[in-house]
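Enquirer: Could you put together the complete structure from these sequences and hints?
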Amino acid sequence: MQKGRVHTVIWIGALAIIVVALLLYLFLPTGVEYSDDPVEWVDTHTDGAVVIDVEEASQGGSSYYEGLANQRVPVQGGEVTGIAYFGAYKGQVFNKNAVENSEIVMHIGPELNPQDGVIDTFAVVQFDPVLTPGTLVPEKLVIYVDQDWVDRASNLNIIWGPDVANIAGMNQRPFNFSTAQNGVYIDSIDTDIEWTLMVDDRPQGRVFVGDISKEDLLNTDVLSDKIFLTLV
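Okay, so the sequence shown: first residue is 1 according to my numbering, each after it adds one.
Mixed in with the good hints, there may be bad ones.
To be verified - Cut-off 27 Å, straight-line C-alpha distance, at most; resulting in silico cross-link-like pairs (DSS-like, lysine-lysine):
1) K214 / K226
2) K214 / K96
3) K140 / K96
4) K214 / K90
5) K96 / K226
Hints were generated in silico from the structure; no laboratory data involved.
Expert: What follows is the structure, encoded as C-alpha coordinates:
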(Lines of atoms letter the chains of each structure in order from A and count residues from 1; the text may use other names and numbers.)
(Lines give C-alpha, C1' and ligand atoms only; values in the text may rest on other atoms or scores of the structure.)
Protein backbone atom coordinates (compact mmCIF):
# COMPACT_ATOMS: atom_id res chain seq x y z
CA MET A 1 0.00 0.00 0.00
CA GLN A 2 2.82 2.37 0.90
CA LYS A 3 4.48 1.58 -2.42
CA GLY A 4 1.29 2.42 -4.32
CA ARG A 5 1.03 5.80 -2.60
CA VAL A 6 4.63 6.60 -3.56
CA HIS A 7 3.90 5.81 -7.19
CA THR A 8 0.79 7.99 -7.03
CA VAL A 9 2.77 10.92 -5.62
CA ILE A 10 5.39 10.52 -8.35
CA TRP A 11 2.77 10.53 -11.08
CA ILE A 12 1.02 13.57 -9.60
CA GLY A 13 4.34 15.40 -9.36
CA ALA A 14 5.24 14.57 -12.96
CA LEU A 15 1.81 15.69 -14.14
CA ALA A 16 2.16 18.96 -12.24
CA ILE A 17 5.53 19.62 -13.88
CA ILE A 18 4.05 18.98 -17.33
CA VAL A 19 1.11 21.32 -16.64
CA VAL A 20 3.40 24.11 -15.38
CA ALA A 21 5.71 23.72 -18.40
CA LEU A 22 2.73 23.88 -20.76
CA LEU A 23 1.40 27.03 -19.09
CA LEU A 24 4.81 28.68 -19.31
CA TYR A 25 5.05 27.79 -22.99
CA LEU A 26 1.59 29.17 -23.75
CA PHE A 27 1.68 32.39 -21.77
CA LEU A 28 5.28 33.51 -21.50
CA PRO A 29 6.75 35.40 -24.51
CA THR A 30 9.05 33.32 -26.69
CA GLY A 31 11.88 34.55 -28.85
CA VAL A 32 12.84 38.19 -29.35
CA GLU A 33 10.26 40.95 -29.13
CA TYR A 34 10.73 43.88 -31.51
CA SER A 35 9.42 47.42 -31.26
CA ASP A 36 7.40 48.91 -34.12
CA ASP A 37 8.41 52.46 -33.13
CA PRO A 38 11.12 53.81 -35.51
CA VAL A 39 12.57 55.90 -32.68
CA GLU A 40 13.30 52.68 -30.78
CA TRP A 41 15.43 51.39 -33.67
CA VAL A 42 17.98 54.15 -33.07
CA ASP A 43 20.94 53.11 -30.91
CA THR A 44 23.35 55.86 -29.83
CA HIS A 45 27.01 55.09 -29.19
CA THR A 46 29.32 56.91 -26.80
CA ASP A 47 31.08 58.70 -29.68
CA GLY A 48 27.81 60.30 -30.80
CA ALA A 49 27.27 57.96 -33.74
CA VAL A 50 23.77 56.61 -34.23
CA VAL A 51 23.09 53.11 -35.58
CA ILE A 52 19.78 52.02 -37.12
CA ASP A 53 18.89 48.45 -36.17
CA VAL A 54 17.67 46.97 -39.48
CA GLU A 55 16.81 43.63 -37.87
CA GLU A 56 14.53 45.28 -35.33
CA ALA A 57 13.01 47.56 -37.97
CA SER A 58 11.89 44.53 -39.97
CA GLN A 59 10.83 42.48 -36.94
CA GLY A 60 13.77 40.15 -37.50
CA GLY A 61 12.93 39.59 -41.16
CA SER A 62 15.83 41.31 -42.94
CA SER A 63 19.36 42.63 -42.63
CA TYR A 64 21.63 45.28 -44.13
CA TYR A 65 24.21 43.91 -46.55
CA GLU A 66 27.04 46.42 -46.62
CA GLY A 67 28.84 44.84 -49.56
CA LEU A 68 26.07 45.73 -52.00
CA ALA A 69 24.52 48.47 -49.85
CA ASN A 70 21.03 47.05 -49.69
CA GLN A 71 18.37 45.79 -47.31
CA ARG A 72 18.15 42.07 -47.97
CA VAL A 73 14.89 40.23 -47.34
CA PRO A 74 14.79 36.42 -47.76
CA VAL A 75 11.54 35.10 -49.22
CA GLN A 76 10.14 31.65 -49.93
CA GLY A 77 12.06 29.52 -52.39
CA GLY A 78 15.45 30.90 -51.41
CA GLU A 79 15.01 34.16 -53.32
CA VAL A 80 16.05 37.53 -51.93
CA THR A 81 14.34 40.87 -52.42
CA GLY A 82 14.65 44.29 -50.83
CA ILE A 83 15.84 47.78 -51.65
CA ALA A 84 19.15 49.10 -52.92
CA TYR A 85 20.62 52.49 -52.01
CA PHE A 86 22.22 55.03 -54.31
CA GLY A 87 23.18 58.64 -53.77
CA ALA A 88 23.99 61.68 -55.86
CA TYR A 89 26.34 64.39 -54.67
CA LYS A 90 27.05 67.24 -57.09
CA GLY A 91 27.76 64.97 -60.03
CA GLN A 92 28.93 61.88 -58.15
CA VAL A 93 26.75 58.78 -58.14
CA PHE A 94 27.59 56.29 -55.38
CA ASN A 95 26.08 53.60 -53.17
CA LYS A 96 27.89 54.23 -49.89
CA ASN A 97 30.27 57.22 -49.74
CA ALA A 98 30.72 60.40 -51.77
CA VAL A 99 34.24 61.83 -51.59
CA GLU A 100 35.37 65.40 -52.21
CA ASN A 101 39.01 66.51 -51.83
CA SER A 102 39.85 63.09 -50.35
CA GLU A 103 37.22 63.55 -47.62
CA ILE A 104 33.91 61.72 -47.21
CA VAL A 105 31.15 64.31 -47.60
CA MET A 106 28.06 62.09 -47.83
CA HIS A 107 27.36 58.62 -46.45
CA ILE A 108 24.52 56.12 -46.95
CA GLY A 109 24.15 53.37 -44.36
CA PRO A 110 22.73 52.44 -40.96
CA GLU A 111 25.47 54.36 -39.12
CA LEU A 112 24.83 58.11 -38.89
CA ASN A 113 26.89 60.66 -36.99
CA PRO A 114 25.20 64.05 -36.58
CA GLN A 115 28.41 65.58 -35.22
CA ASP A 116 31.03 64.82 -37.88
CA GLY A 117 30.06 67.22 -40.69
CA VAL A 118 29.24 64.34 -43.08
CA ILE A 119 25.76 64.18 -44.62
CA ASP A 120 24.33 60.85 -43.43
CA THR A 121 21.09 59.21 -44.53
CA PHE A 122 19.40 55.81 -44.50
CA ALA A 123 16.01 54.19 -45.06
CA VAL A 124 14.39 50.92 -43.98
CA VAL A 125 11.34 49.07 -45.25
CA GLN A 126 9.24 48.10 -42.25
CA PHE A 127 7.13 44.95 -42.54
CA ASP A 128 5.94 42.10 -40.35
CA PRO A 129 7.37 38.80 -41.66
CA VAL A 130 5.21 36.82 -39.22
CA LEU A 131 1.93 38.26 -40.45
CA THR A 132 2.88 38.24 -44.13
CA PRO A 133 5.22 35.27 -44.74
CA GLY A 134 6.16 35.00 -48.39
CA THR A 135 4.06 37.97 -49.46
CA LEU A 136 6.06 40.62 -47.53
CA VAL A 137 3.58 43.47 -47.61
CA PRO A 138 5.46 46.64 -46.56
CA GLU A 139 3.84 48.72 -43.83
CA LYS A 140 5.97 51.83 -44.29
CA LEU A 141 9.31 53.12 -45.51
CA VAL A 142 11.16 54.90 -42.70
CA ILE A 143 13.74 57.54 -43.70
CA TYR A 144 16.54 58.92 -41.54
CA VAL A 145 18.65 62.05 -42.10
CA ASP A 146 21.14 63.55 -39.67
CA GLN A 147 21.71 67.07 -38.41
CA ASP A 148 24.60 67.59 -40.83
CA TRP A 149 22.23 67.27 -43.79
CA VAL A 150 19.74 69.63 -42.20
CA ASP A 151 22.50 72.19 -41.68
CA ARG A 152 23.53 71.84 -45.33
CA ALA A 153 20.10 71.75 -46.99
CA SER A 154 17.03 71.92 -44.77
CA ASN A 155 14.59 72.16 -47.71
CA LEU A 156 14.26 68.40 -48.16
CA ASN A 157 11.54 66.68 -50.17
CA ILE A 158 10.46 63.05 -50.41
CA ILE A 159 9.45 61.98 -53.93
CA TRP A 160 8.19 58.46 -54.53
CA GLY A 161 6.06 56.22 -56.71
CA PRO A 162 5.90 52.85 -58.48
CA ASP A 163 6.91 54.13 -61.93
CA VAL A 164 10.02 56.27 -62.34
CA ALA A 165 9.15 56.72 -66.02
CA ASN A 166 6.18 58.82 -64.86
CA ILE A 167 7.85 61.50 -62.75
CA ALA A 168 4.86 63.82 -63.05
CA GLY A 169 2.63 61.15 -61.50
CA MET A 170 4.88 60.51 -58.49
CA ASN A 171 4.11 61.72 -54.98
CA GLN A 172 5.99 64.64 -53.45
CA ARG A 173 5.94 66.24 -50.02
CA PRO A 174 8.36 68.03 -47.67
CA PHE A 175 10.36 65.99 -45.19
CA ASN A 176 8.71 66.18 -41.75
CA PHE A 177 11.32 67.11 -39.14
CA SER A 178 8.99 66.83 -36.13
CA THR A 179 10.41 63.47 -34.97
CA ALA A 180 14.05 63.36 -33.94
CA GLN A 181 16.34 61.22 -31.82
CA ASN A 182 19.85 62.30 -30.83
CA GLY A 183 20.47 64.47 -33.88
CA VAL A 184 18.75 62.15 -36.36
CA TYR A 185 15.43 63.13 -37.95
CA ILE A 186 12.88 60.44 -38.79
CA ASP A 187 10.06 60.49 -41.34
CA SER A 188 8.08 57.77 -43.11
CA ILE A 189 5.76 57.11 -46.05
CA ASP A 190 3.12 54.38 -46.16
CA THR A 191 1.45 54.67 -49.57
CA ASP A 192 2.60 53.52 -53.04
CA ILE A 193 5.45 51.44 -51.57
CA GLU A 194 4.20 47.92 -52.35
CA TRP A 195 6.81 47.60 -55.11
CA THR A 196 9.71 47.82 -52.63
CA LEU A 197 9.39 44.15 -51.64
CA MET A 198 7.99 42.64 -54.83
CA VAL A 199 9.92 39.73 -56.37
CA ASP A 200 8.12 38.94 -59.63
CA ASP A 201 7.22 41.60 -62.22
CA ARG A 202 8.63 44.31 -60.00
CA PRO A 203 7.80 47.79 -61.34
CA GLN A 204 10.42 50.48 -61.78
CA GLY A 205 9.58 52.29 -58.56
CA ARG A 206 11.81 54.88 -56.92
CA VAL A 207 12.11 56.96 -53.77
CA PHE A 208 14.11 60.19 -53.82
CA VAL A 209 15.05 62.13 -50.69
CA GLY A 210 16.89 65.41 -50.94
CA ASP A 211 16.93 69.07 -51.87
CA ILE A 212 15.11 68.29 -55.13
CA SER A 213 11.66 68.45 -56.71
CA LYS A 214 9.86 66.57 -59.46
CA GLU A 215 10.75 69.44 -61.77
CA ASP A 216 14.42 68.90 -60.94
CA LEU A 217 14.13 65.20 -61.76
CA LEU A 218 12.78 66.06 -65.20
CA ASN A 219 15.93 68.10 -65.79
CA THR A 220 18.66 66.06 -67.50
CA ASP A 221 21.29 67.98 -65.49
CA VAL A 222 19.83 67.05 -62.09
CA LEU A 223 22.97 65.10 -61.16
CA SER A 224 25.28 68.04 -61.72
CA ASP A 225 24.44 70.08 -58.63
CA LYS A 226 21.87 68.25 -56.48
CA ILE A 227 22.31 66.14 -53.35
CA PHE A 228 19.87 63.29 -52.79
CA LEU A 229 19.30 59.66 -51.80
CA THR A 230 17.65 57.20 -54.20
CA LEU A 231 16.02 53.90 -53.26
CA VAL A 232 15.49 51.30 -55.97
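Enquirer: State for each hint whether it applies.
Expert: Each hint tested on the structure:
| no. | hint | in the structure |
| --- | --- | --- |
| 1 | K214 / K226 | 12 Å, holds |
| 2 | K214 / K96 | 24 Å, holds |
| 3 | K140 / K96 | 23 Å, holds |
| 4 | K214 / K90 | 17 Å, holds |
| 5 | K96 / K226 | 17 Å, holds |
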